[in-house]
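Enquirer: Here is how the chains run, residue by residue.
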Amino acid sequence: MRLDQLITNCKKKQPKAQGELYKRYSSSMFSVCLKYAPNYAEAEDILQDAFMTIFEKVGQYNNKGSFEGWLKRVAINTALQRYRKPGVFNLVNEENIKEVEVEVDEESIPLDFLLKIIQELPDRYRMVFNLYVMDGHSHKEIGKMLNINQGTSKSNLSRARMILKEKIELSQEHIQSLSQI
Amino acid sequence: MKEKKNIDRLFQEKFKDFEVHPSSSVWKNISKNQKEKNDRKIIPLWWKLGGIAAALLLLFGLGILTTNYTTPADSIPALVNQENDLKNSEANSSPKIELNQDNTSAKEVSDFVEVEDPESNASQEVGSPNLHDPNTTLATSTKTKRSFNNKERVASPKVSVGTQESNRNKVAVSNNTSESTATIAYNKNNRFDSTIITKEEDASGSENINIKTGISGTSEKIASIDTPTNEKIKATENTLSQEKDLVAEAEKIAANKDEEEFLSENPLDQEIKLTDRWGIGAVAAPVYYGDFGGSGIDPAFKDNDKSGNVNLSYGVQISYAVSPKLKVRTGVSNIDLSYNTNELIFSVGGTRSRELKGVSFSQNGSSVTIADKNDQSVRQTSSVLPGLSNEFSNGSIQQRLNYIEVPVEAVYTVSDKRLGIAVIGGLSTLLLNDNEVLLLSDDLNTSLGTSNSANDVSFTTNIGLGLDYKVTEDFKFNLEPALKYQINGFDNSAGEFKPYYLGVYTGISYKF
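Chains as they are written, first to last, in my numbering: chain G, 356 to 536; chain W, 32 to 543.
Honestly, the hints are just simulated from the structure, not real lab data.
Note that this is a predicted model, so its numbers are computed, not measured.
Be a bit skeptical, because a hint or two may be false.
To be verified - Taking lysine-lysine pairs in the DSBU-like style, the calculated list, with each CA pair at most 30 Å apart, reads:
1. Lys72/W with Lys427/G
2. Lys419/G with Lys378/G
3. Lys72/W with Lys378/G
4. Lys68/W with Lys448/W
5. Lys36/W with Lys427/G
6. Lys495/G with Lys35/W
7. Lys507/W with Lys448/W
8. Lys45/W with Lys378/G
9. Lys66/W with Lys356/W
10. Lys367/G with Lys63/W
11. Lys404/W with Lys529/W
12. Lys412/G with Lys72/W
13. Lys356/W with Lys72/W
Stated by the list, open to error - Sample of chain W residues with no beta-carbon within 10 Å of chain G, all distances over it, derived:
14. Gly94
15. Ser369
16. Asp403
17. Val535
Note that the Cβ used here is the ideal one computed from N, Cα and C, for glycine as well.
Throw the hints in and build the complete structure from the sequences for me.
Expert: Here is the structure:
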């Protein structure tokens, strides 16, 4: 079925079209959910909620812009709603933290390890990291979406990067020491 | 040398083609949820329909009840009306009692009525700040009393109260607590006296109102409570439940559609064009009159063979589309119904020796005797004038009825293609316009009179299937076979007649 026909049928709430939509897009959307959730189970919950929202609100998609992009935004918003908490991390004045380039040794690091350490990040850091690095939002946009100010967004991002770097290096040392046995 | 890479870039590159299939439980939950949501959406729609059907049923049920229920001739509806008056009385919530004292004008003696506390052997208390009669003495007591307030209202059936002695005319039983007693204190010739009114069941099971004068007086019955007989209640309950069954069937048929079909053809948020909601049409139908038993002529003919006739019905309709799938419609039709009761014998001459319960004989029919074919006794008992032979011939009675029918129906569109299908259900009100009872035989057809058991107002429950063909966008040609079961068509004096009629309604309708 052509995409525009699929969308029209979904707007009419036809169950067959809804099933087809899920089939086509659930994997790419699930990847998004996995990055934003702290674990696999919660990623599934978010995916479920996201699709229910999509089926209900598909009428709001006005055929402008990428449909897949719209779907992803729904998934991200679903995740944000879940983990957006009032400013627990806003205690320190974080305006002055400079953005430093964080680098790691590029060895073949398994993908599921990278996913794991993203999921292990504290909620806010995880949100910011994903929104900035994976989905290309600006700090200004992130500020609006998470209801924080830009400085907080920047500092959360830095912290996230530091944590990830540490974990990568730790695992690389561990592998190295193992290989030396 | 290992290359240093920007951590952002590292993640971005690694996750570029990242796709993971979720487990199948996710889709299961989603589709389950969607189904529940859709069920919830369907239910309110059916509640609406059910609510309308129930409201119509209730209305017609009440109509039936009021026509069947007769009140005794000498009832004084004092009690029911007084209840309403009581509602409007002061915040003090004390009921007023009108009493006639020595045939003088009624005075407001006391506006305090109490329930006698059966536990305590107390004397009654009369307390009233509003006594108009200066002769009344006040007696006080320290007994515990319970006073009525208007909130303790119990619906009471109509009570017939006969007139009593001159100084106790209208008596108000204002309220009822768990004991069915009310105490009225009044002043009688400067003496303090009391009257206790109780509602009791006597040995025969009927409820009576007894009155006991004075503290040690005897109880005498002053009234009995008239309640509709069980038979009448059962009859109306039966017809009501039959109505309900038919309406429920119609709803079930409409509801037993495939859910998907419903969803695909009825997006509930789609607007009907604001024009095109109304429709008018003309309808004509051949109608066959049949029955499920009984007789409209006489109980003796209950088991006789009956043959329904086909007659014509014609009328106009107007409809309104409530939603893309649902229309309600009403209209007015003229309908002729007739059927024959066969296996009868008749004799002309002499005086009529058999009355037919359901027939009101005219002058014409004064000398006709009709009986069931197998009735042996009639041959012996009919009077014979000298010179006239007492011969019985075969014949049948035809009952003809002409009604004005006002239907109220709902039409649910199952399929809306060029050849459309719909399910129809509803109720009609029938107003008897004309009726005749005739005697038919090989030699003669003669009018006997009219029916005295056909009710002027009756109802039918209707169920039908609609087929329509869209001639143009606005014009439709309809073909609707329908079954209409008549309720309350005849009062039961004739013989518990249960008629119905089947019609194939054809017509054209125009949308605007």
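Enquirer: Hint by hint, note whether the structure agrees.
Expert: Structure-based check of each hint:
1. Lys72/W with Lys427/G: Distance ~28 Å between lysine 72/W and lysine 427/G Cα, so the pair holds.
2. Lys419/G with Lys378/G: Roughly 22 Å between the alpha carbons, so the hint for lysine 419/G and lysine 378/G holds.
3. Lys72/W with Lys378/G: holds (26 Å)
4. Lys68/W with Lys448/W: Distance ~28 Å between lysine 68/W and lysine 448/W Cα, so the pair holds.
5. Lys36/W with Lys427/G: holds (28 Å)
6. Lys495/G with Lys35/W: Holds, at about 29 Å.
7. Lys507/W with Lys448/W: holds (12 Å)
8. Lys45/W with Lys378/G: Status holds; Cα separation ~24 Å.
9. Lys66/W with Lys356/W: holds (21 Å)
10. Lys367/G with Lys63/W: Roughly 18 Å between the alpha carbons, so the hint for lysine 367/G and lysine 63/W holds.
11. Lys404/W with Lys529/W: Within the cut-off at roughly 22 Å; holds.
12. Lys412/G with Lys72/W: holds (16 Å)
13. Lys356/W with Lys72/W: Within the cut-off at roughly 15 Å; holds.
14. Gly94: holds (42 Å)
15. Ser369: Holds: least Cβ distance 51 Å, greater than 10 Å.
16. Asp403: holds (63 Å)
17. Val535: Valine 535/W is indeed farther than 10 Å from all Cβ atoms of chain G, at 36 Å.
Comparing the model with each numbered hint stated earlier shows that all of them hold.
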